[in-house]
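A.B. asks: From just these sequences and the hints, can you work out the full model?
Quick note, the sequences are listed as chains A and B, same order. If you read the first sequence in full-length UniProt numbering, its first letter stands for residue 1, the second for the next number, and so on. If you read the second sequence in full-length UniProt numbering, its first letter stands for residue 1, the second for the next number, and so on.
It is possible that some hints are incorrect.
Stated by the list, open to error - To give an idea of the chain B side of the interface with chain A (calculated C-beta under 10 Å), a few residues:
# : residue
1 : Asp8
2 : Ala85
3 : Ala87
4 : Leu93
5 : Ala119
What the hints assert, rightly or not - From chain A, some residues computed to sit far from chain B (all C-beta separations above 12 Å):
#  : residue
6  : Trp37
7  : Asp80
8  : Thr89
9  : Ala92
10 : Pro98
11 : Asp110
12 : Lys121
Everything labelled a hint here was simulated from the structure, so no lab data went into it. For glycine and all other residues, C-beta sits at the position ideal for the given N, C-alpha and C.
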Amino acid sequence: MNRATRRKTAPPRPLLQTAMAALGGVVTLAAVGVIVWEAVQPAAPATLSARIERVETTAHGHVAEIKVVNDGDETAAGVDVEAVAGDQTATATLDYVPGRGHATAYMRFDADPRAAVVTVKGWSAP
Amino acid sequence: MSAAALIDLSRERAYLRDLGRAFGGALVFSIPLLMTMEMWEQGVAMDRGRLLAFIVAGLPLLYGLAYYAGFSDRRGLANDLMDTAVALAVGFLTAGVLLSLFGVVRWGDPPREALGRIALQAVPGAMGALLARRQLSGDADGGETQEDQASYVGELFLMAAGALFFALNVAPTEEMILIAYKAGALNVLGLMGVSILLLHLIVFRAGFAGQEEADRPAHAFFHFTLPGYAIALGVSLFALFVFGRIEGHSLAGVVQAMAVLGFPAAIGAAAARLLV
Numbered sequence: 001m002n003r004a005t006r007r008k009t010a011p012p013r014p015l016l017q018t019a020m021a022a023l024g025g026v027v028t029l030a031a032v033g034v035i036v037w038e039a040v041q042p043a044a045p046a047t048l049s050a051r052i053e054r055v056e057t058t059a060h061g062h063v064a065e066i067k068v069v070n071d072g073d074e075t076a077a078g079v080d081v082e083a084v085a086g087d088q089t090a091t092a093t094l095d096y097v098p099g100r101g102h103a104t105a106y107m108r109f110d111a112d113p114r115a116a117v118v119t120v121k122g123w124s125a126p
Numbered sequence: 001m002s003a004a005a006l007i008d009l010s011r012e013r014a015y016l017r018d019l020g021r022a023f024g025g026a027l028v029f030s031i032p033l034l035m036t037m038e039m040w041e042q043g044v045a046m047d048r049g050r051l052l053a054f055i056v057a058g059l060p061l062l063y064g065l066a067y068y069a070g071f072s073d074r075r076g077l078a079n080d081l082m083d084t085a086v087a088l089a090v091g092f093l094t095a096g097v098l099l100s101l102f103g104v105v106r107w108g109d110p111p112r113e114a115l116g117r118i119a120l121q122a123v124p125g126a127m128g129a130l131l132a133r134r135q136l137s138g139d140a141d142g143g144e145t146q147e148d149q150a151s152y153v154g155e156l157f158l159m160a161a162g163a164l165f166f167a168l169n170v171a172p173t174e175e176m177i178l179i180a181y182k183a184g185a186l187n188v189l190g191l192m193g194v195s196i197l198l199l200h201l202i203v204f205r206a207g208f209a210g211q212e213e214a215d216r217p218a219h220a221f222f223h224f225t226l227p228g229y230a231i232a233l234g235v236s237l238f239a240l241f242v243f244g245r246i247e248g249h250s251l252a253g254v255v256q257a258m259a260v261l262g263f264p265a266a267i268g269a270a271a272a273r274l275l276v
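C.D. replies: Following this line, the structure appears as structure tokens:
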């Protein structure tokens with residue numbers, strides 16, 4: 001049977017097919033729209049800052065949760081973060097901090113690190 | 001028209017089976033990619049122009065697969081377009097649910113990050129969904145699709161789809177570029193020779209070449225093998241470009257990486273009849 005004949009005799013379309021096709025169309029167009037919008041925005045270089053969000057006291061010292069925020073548009077890779085509390089220095093490396101996003105690192109200290117100075121030392125292009 | 005006439009439960013149930021097959025196909029094809037770390041990273045770090053190129057180039061490819069394979073019995077332009085859209089819905093849902101279950105995409109993630117990770121995986125998932133009928137159908141007529149009557153251009157399209165099917169599974173990984181660094185010029189030349197030889201043998205034994213071509217291996221070589229290898233190399237170059245694997249490389253480095261990825265792509269192109 002050829003395609004034309006089949007089309008003429010085709011039974012009505014299942015509602016589920018119409019609903020799923022609509023979902024696929026809307027989600028794809030929305031995703032493409034957002035990505036186009038992102039692509040045409042002037043990209044600001046990665047701008048990273050770090051701060052202590054919380055400190056947990058454990059049996060093996062104090063663990064500081066460090067939030068690294070990227071206010072730029074470009075993603076930063078291999079982000080080195082350093083925190084200095086008194087005479088102790090702790091470091092951590094984050095694989096990625098996405099543009100306009102954030103990532104979390106954890107550092108361990110012997111003494112309470114609430115007053116620690118946290119800095120982002122460097123990163124690379126992904 | 002009454003609601004009962006509008007909703008035919010047996011018809012809906014039959015379509016639900018097709019849809020289940022589509023989700024199965026999406027899983028079979030995209031699980032290796034969904035569980036590849038580089039794909040998660042690329043979703044975040046990939047240049048948005050490239051991500052867009054990948055999705056936009058994927059749309060006609062998906063339509064072609066809906067035409068030649070698809071996951072439902074229905075055919076025709078409108079149905080193939082709808083199958084393409086449904087396959088994309090299946091791709092997005094599969095990627096969204098599984099990446100959430102894996103903890104790769106989490107509630108509260110920046111939208112840019114989550115969207116990038118899911119959208120990048122949706123196209124391969126949709127490809128798998130559209131190949132479901134070929135891969136998963138247990139019906140006696142399950143394999144009878146437009147692909148069986150494909151024209152020469154159609155055969156070349158299917159080779160491109162097969163090449164992409166294989167290339168996508170390895171292109172995002174670090175290993176591709178590492179192999180290109182490790183392999184010397186002679187290794188790469190050898191790999192190209194093996195790619196062409198295997199492509200020819202598979203096409204000859206199990207692929208596109210019909211009896212007529214089987215009687216004329218030289219004709220089959222120029223008709224299918226060489227164009228097939230060129231397609232495999234083109235698909236490899238595109239995949240490497242999309243995943244940023246050729247950035248900062250010299251021309252020689254680009255060709256080397258293309259030839260390395262061209263090996264799995266050539267096998268995929270040759271096996272398209274079995275896969276697609």
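A.B. asks: Are all C-beta atoms of chain B more than 12 Å from that of aspartate 110 of chain A?
C.D. replies: The assertion about aspartate 110 of chain A holds, with a minimum of 31 Å to chain B.
A.B. asks: Does threonine 89 of chain A clear chain B by more than 12 Å, comparing its Cβ with all Cβ atoms of that chain?
C.D. replies: holds (28 Å)
A.B. asks: Does the interface hint hold: is alanine 119 of chain B within less than 10 Å of chain A, judged Cβ to Cβ?
C.D. replies: At about 5 Å, which falls below the 10 Å cut-off, the nearest Cβ of chain A leaves the hint on alanine 119 of chain B intact, so it holds.
A.B. asks: Verify that the Cβ of proline 98 of chain A lies farther than 12 Å from every Cβ atom of chain B, and report whether the claim holds or is violated.
C.D. replies: violated (5 Å)
A.B. asks: Aspartate 8 of chain B was flagged as interface toward chain A. Is the shortest Cβ-Cβ separation under 10 Å?
C.D. replies: The hint holds - aspartate 8 of chain B has a Cβ within 10 Å of chain A, the shortest such distance being about 7 Å.
A.B. asks: Would the hint on alanine 85 of chain B be counted as holding, given a Cβ-Cβ threshold of 10 Å to chain A?
C.D. replies: holds (4 Å)
A.B. asks: Please verify that the nearest CB of chain B lies beyond 12 Å from tryptophan 37 of chain A's CB.
C.D. replies: violated (9 Å)
A.B. asks: Taking the least C-beta to C-beta distance, is leucine 93 of chain B closer than 10 Å to chain A?
C.D. replies: Hint holds; leucine 93 of chain B Cβ to chain A Cβ min 8 Å, cut 10 Å.
A.B. asks: Aspartate 80 of chain A: least C-beta distance to chain B exceeds 12 Å?
C.D. replies: Consistent with the label, aspartate 80 of chain A stays out of reach of chain B, its closest Cβ about 17 Å off (over 12 Å).
A.B. asks: Is the claim that lysine 121 of chain A lies outside the interface with chain B correct, judged by CB distances over 12 Å?
C.D. replies: holds (20 Å)
A.B. asks: Does the claim that alanine 92 of chain A lies off the interface hold, with its Cβ farther than 12 Å from every Cβ of chain B?
C.D. replies: holds (18 Å)
A.B. asks: Quick one, is the alanine 87 of chain B hint okay against chain A at 10 Å, beta carbons?
C.D. replies: Where the cut-off is 10 Å and the nearest Cβ of chain A is about 7 Å from alanine 87 of chain B, the hint holds.
Violation of the numbered hints given earlier is confined to hints 6, 10; the remaining hints are satisfied by the structure.
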